[in-house]
Amino acid sequence: MIELKNVSKFYKPDVSALKNINLKIEAGEFVSMVGQSGTGKTTLIKLIIAEENPTTGQIIVGGWNITDIKNYEIPYFRRQIGVVFQDFKLLKRKTAFENVAFALEVCGVSNEKIDRNVNQVLKLVNLEKKAGRYPHQLSGGEQQRVVIARSLAHQPKLIVADEPTGNLDSLNTREIIDLLVKINNLGTTVLLVTHNREVVNSLNKRVVSIDQGQIISDQDHGKYIL
Amino acid sequence: MANIFYNKKMLINFTRIIKFGWQNFFRNIWLSIVTIIIIILTLISITGLLIFNILTDNTLEAIKNKTDIYIDIKSETTTDEINQLVNSLSPVPHIKQVKYVSADENLQIFLNTYANNSLVSEAVKTLENNPFKASLLLKVDEIESFPIILEALSDEKYANFLEINSDDFTQAKNLVTKISEYSQKIKKAGFIISLFFVLVAILIVFNAIQISIYDRREEISIMRLVGAANYFIKGPFYFEGIIYSFISMIILLIIIYPLILFVQPYLNSFFSEYSTNLISQVNENFLKIFGIELIVAITINIVSTSIAMKKYLRI
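Which chain is which? The protein sequence lines are A and B, in order.
So for the first sequence, our numbering puts the first residue at 1; every next one is plus one.
So for the second sequence, our numbering puts the first residue at 227; every next one is plus one.
None of these hints come from the bench; they were simulated from the model.
Just so you know, even glycine gets a beta-carbon here, dropped at the ideal spot from N, CA and C.
Fair warning: there could be bad hints in the mix.
Said to hold, decoys possible - Just some of the chain A residues that point at chain B, by a computed CB distance under 8 Å:
id, residue
1, G28
2, Y72
3, P75
4, F102
5, E105
6, V106
7, C107
8, S110
9, K113
10, G187
Unchecked claim - Derived DSSO-like pairs: lysine-lysine, alpha-carbon spacing no greater than 30 Å straight-line:
id, chain 1, residue 1, chain 2, residue 2
11, B, K536, A, K113
12, B, K404, A, K89
13, B, K460, A, K92
14, A, K89, A, K205
15, B, K235, A, K157
16, A, K113, B, K234
17, B, K245, A, K70
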């Protein structure tokens, strides 16, 4: 699903964000990526979602070689992946349903299909009864579930979640992680970036640890080691 | 089948781009109104320039066509000599027609011209004799031929019977030159004013689109995240610019005719006999004038929208 070969990223003039990263994530895996702030996790996510290009190396995601992806190809590539950020990025003037529908609306999906898909994903995240509520009428955890529903709207093969529980309390954190596990069980690959020790340790799944722009450990049933 | 699916998708995208464009327009309605007013002012200044072009061209054409020239005949000339003169002048190159006008006819023409001016007609009536002489009316093909004809008339066989005043020939030509000079100056000033308005309009539209982009920054970042095509993200802003163009054009069409009716009396008094009916002139040149306006309006919007998007959209 994701393959990084000798990937490095430098920012001018001589700041090195990632150094010689080699990583392979198979389809259907649930991988936690851990590391302290400023170690290069977010840079790595930006490279995986084609927000930035690597300075050297090769990146393949879902069969796309995105190393030198053309500008016009990026939108079509992005429809293959779902992205969840720490800041919820929901539109305040739209309801939960409309926020999820927006992701499909802007990609030319027909109204009938939007209705069908949105209801389906809202059901998956247990928000079908709150579909008509605006973000300010939802709790933090519910808002993040709307974001996850939106990332699932295109039925992607890969979900990239960058600190999705960063702004949540432990109860809501548990809910979101359970939801990601549920999505993974349905066959979607999940790449979770976090520095929440409890979450990583409770998952008992593959853990990739990054420090100073380099992978320092990669364990199939790992723990938070930093 | 794939083609039908593609067309359907394009249609869906197109209708949504229009929907988002309208949302942009109404979201900052006061800014949209100000933008439209500036575009209308730009278009009015350009319309003024275009109409002025038509007006001066028409006036110059009218003056150039008004190539009648009266030459007084010396009082001692006999009727036979006059007839001979008329016959010999007719074949002269550039002279289309030669007509004898008696002194009485000249007096009548003068009185008719000043029919509304009682002071002039009273003054003439107090004179015992007719102050006018008989003359020859020469109809010339074009004003440019005046010097050639003047040279021909200076020949002895004509000059002995005619009181040639070279001013008669140069006055009309000078008038044309003067009008051309003035109209060139006014056109230049009009062009600079229009250019100024075009630049202001570009800045205002740029500002409006910039604010629209700022207002939609969250939506834009989500659109990029979820894979909206670049044309779909840019489309609503272009459409917003097109809305500005079309609404400005429609308002221009509504206000331009009353504006012309308002200006017409002033033009009549300024251009007097050379004045022209502006409404019919505008109607005759409708496509030319408003075609240019529409192209200008759309260009202003596309240029400023493109600059604003290049600067702030970053896609």
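Going down the list of hints, with the structure as the test:
1. Hint status for G28(A): violated, given a least beta-carbon distance of 22 Å to chain B, over 8 Å.
2. With a cut of 8 Å, the hint placing Y72(A) at the interface with chain B holds, because the nearest CB-to-CB distance is about 6 Å.
3. The closest approach between the C-beta of P75(A) and any C-beta of chain B is roughly 4 Å, which is under the 8 Å cut-off, so the hint is satisfied.
4. With a cut of 8 Å, the hint placing F102(A) at the interface with chain B holds, because the nearest CB-to-CB distance is about 7 Å.
5. The interface hint given for E105(A) is met, as the beta carbon of that residue sits about 6 Å from the closest beta carbon of chain B, less than 8 Å.
6. Interface hint at V106(A): satisfied, since its Cβ lies 4 Å from the closest Cβ of chain B, which is below the 8 Å cut-off.
7. Of the supplied interface hints, the one on C107(A) holds, with its beta-carbon coming within about 6 Å of a beta-carbon of chain B, less than 8 Å.
8. Against a cut-off of 8 Å between C-beta atoms, the interface hint on S110(A) holds, since the closest Cβ of chain B lies about 6 Å away.
9. Restraint check, K113(A) versus chain B: the minimum CB separation of about 10 Å is more than 8 Å; hint violated.
10. Taking 8 Å as the C-beta contact cut-off toward chain B, the hint placing G187(A) at the interface is violated, the least distance being around 20 Å.
11. A distance of roughly 33 Å separates the Cα atoms of K536(B) and K113(A); the hinted pair therefore is violated under the 30 Å criterion.
12. Restraint check: the Cα-Cα separation between K404(B) and K89(A) comes to about 68 Å, which exceeds 30 Å; the hinted pair is violated.
13. About 22 Å separates the Cα atoms of K460(B) and K92(A), which keeps this hinted pair within 30 Å; it holds.
14. With a C-alpha separation of about 28 Å, the suggested pair K89(A) and K205(A) falls inside the 30 Å cut-off, and the hint holds.
15. Using a Cα cut-off of 30 Å, the hinted pair K235(B) and K157(A) holds, with the two alpha carbons roughly 23 Å apart.
16. Taking the CA atoms of K113(A) and K234(B), the gap is near 13 Å; set against the 30 Å cutoff, the hint holds.
17. Straight-line distance between C-alpha atoms of K245(B) and K70(A) comes to about 28 Å, which keeps the hinted pair within the 30 Å bound.
Comparing the model with each numbered hint stated earlier shows that hints 1, 9, 10, 11 and 12 do not hold.
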